[in-house]
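Engineer: Here's the letter readout for the chains.
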Amino acid sequence: MVRMFYFLRRALSDIGRSPVVAGVTVGTVAVVFLIMGVFALVGHNLELLTHRVGSGLKLSVFLQDDCSAKQRETVQKLLKASAAVERVHFVDREEAASRFRQRFSRQANVLDELDENPLPESFEVTFTPAGQHPKTIGALSQKVVNSPGVEEVLYGQAWLDRFFRFVQTIRLLGLVVGALIFLAALLIVANTIRLSVYARQDDIHILKLVGATEGFIKAPFYIEGVLLGLLGASLGIALTWIAFALLVPEILIPGWLEETRLTVAFLPFEMIAWMVGTGAFLGVLGTMSSLWRHLKI
Amino acid sequence: MIQMYHVHMSYGPDNPALVDITLRVDKAEFVFITGPSGAGKTSLLRLLLLAERCESGQILVFGQNVARIKESQVPYIRRRIGVVFQDFKLLPTRTVQENVGVGLEVLGKPRRETAKKSMEALRLVGLEHKANSYPLRLSGGEQQRVAIARAIANDPPILLADEPTGNLDPVLSREIYDLLTEVNARGASVVVATHDIGWVGRTQKRVIRVERGRVVSGGIREN
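Chains A and B supply the protein sequences, listed in that same order.
Each residue of the first sequence is one higher than the one before, starting from 1 at the first, in this note's numbering.
Each residue of the second sequence is one higher than the one before, starting from 1001 at the first, in this note's numbering.
Extracted from the complex, chain A is given alone in its bound form (with noise of 0.2 Å):
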């Protein structure tokens, strides 16, 4: 404990001394982490949107009309099955009508001039949490639609894969931006320990001679580093909070959003907590590199 504290008021006294590099270091790092903020803060938002949308997934099996009554169960048990599903519910001709009724009040007496009820029979399918993904319900779909009896399967496909690659993509952009920026930010940290190290030339020598251990000479290094990494991560986190409390109620709920019934949340604990755990790890990689290119002992 006594080391500790040694160590800490040594790699404050370092920052200390060269307060304008250590201002541009964790300035650099919170640019950097506003950035992954956003990119997390869009993914989490996508994240949340893709629930949203999967939550009211639906997959409607239409039967033939001369599905016969053993065909129809077949069908039933096979989509029970699926431990994605979560619900079948049968929808025969009159609850078929009546919706369109409902749905179609202006048009309804269009059936009501028909000799017979041409709505198909259907099974109407929701999806528990873990089972709402495109293909998830692809799978079942194909699975389904080869099936003797039925007619058609319908769950909106084309969209849905159109909007789940969206999300895909924008996870893959965020991912490869992240690391190409968290390398950048590394190289950043390895650089001001770097000057650190050559700072404190002639300690290191002196420590040495008095007879310090490797890990006593490099502790307070890897304390400035990862302290110069959490100020970092987290003034970058609270900048993409300003700018989230600033920005989002006038650009975004005002428009589309608000209509849809939709808002747009901040990062949970867990996702700060992450960032900020990346900030200590970045001091500890950018410092471990410099110390290992710069420091013989």
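No wet-lab data here; the hints were simulated from the structure.
Since the model is a prediction, treat every value here as computed from it, not as a measurement.
Keep in mind that a hint or two might mislead.
Here are some of the chain B residues that sit facing chain A, going by a computed Cβ distance under 7 Å [stated by the list, open to error]:
| hint | residue |
| --- | --- |
| 1 | P1075 |
| 2 | K1089 |
| 3 | V1106 |
| 4 | G1108 |
| 5 | R1112 |
| 6 | L1138 |
Just so you know, even glycine gets a beta-carbon here, dropped at the ideal spot from N, CA and C.
Guided by the hints, dock chain B onto chain A, whose structure is given.
Structural biologist: Just chain B now, with coordinates in the frame of chain A:
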């Protein structure tokens, strides 16, 4: 306390620094190592401090063969050896007291104990009133006294001094030798490398003479 047997060391294939060195320094003994510049005095001290490694031979310090010691063990040997250099090697950004306490910090001593022991060492060298000054505000003699205080702050059994008076005038040199003698009187083995033969001749201490990397006289004490 220190024993060297047939030690060879070189800086590259055609540049031998020490050749077949055999010597012995007993507990609480004061020994001078003399010789012209480039004779190998500093290399010898660097070997004892484990700043260099020998190619062959044995070096026993505290009864341990440090010639073959693992790199990770080096700091623990150094903690028991005080060292003083010609150019003082003080940290200009730390106060005199902080400079003296640096070796105690390495040992993980609490701040209070570090402060107490460094003040004691400063008292011994007569500089307790300069505890809060910065090294560059002191004279050369005072800086060397601070360096000695740093070297003895944790009571090491061995004190090595490499040309400790090289940058000082005769009066200040005398002060430093008196101080080293006092450290020796307190029980430490003191090894001083110097080419200040005039002063060495006036003392009654053993002199190990080194020339062209070889011990030419005084390697082993004659009883």
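Engineer: Evaluate each hint against the coordinates.
Structural biologist: Verification of the supplied hints:
Taking 7 Å as the C-beta cut-off, the interface hint given for P1075/B holds, the closest approach to chain A being about 4 Å. The interface hint given for K1089/B is met, as the beta carbon of that residue sits about 6 Å from the closest beta carbon of chain A, less than 7 Å. Because the closest C-beta pair between V1106/B and chain A is about 4 Å apart, less than 7 Å, the hint holds. Look at G1108/B: its Cβ gets to within about 6 Å of chain A, closer than 7 Å, so that hint holds up.
A cut of 7 Å between beta carbons decides the hint on R1112/B: the least distance to chain A is about 10 Å, and the hint is violated. Evaluation of the L1138/B hint against chain A yields a violated restraint, the C-beta minimum of about 17 Å exceeding 7 Å.
The earlier numbered hints that this structure contradicts are 5 and 6.
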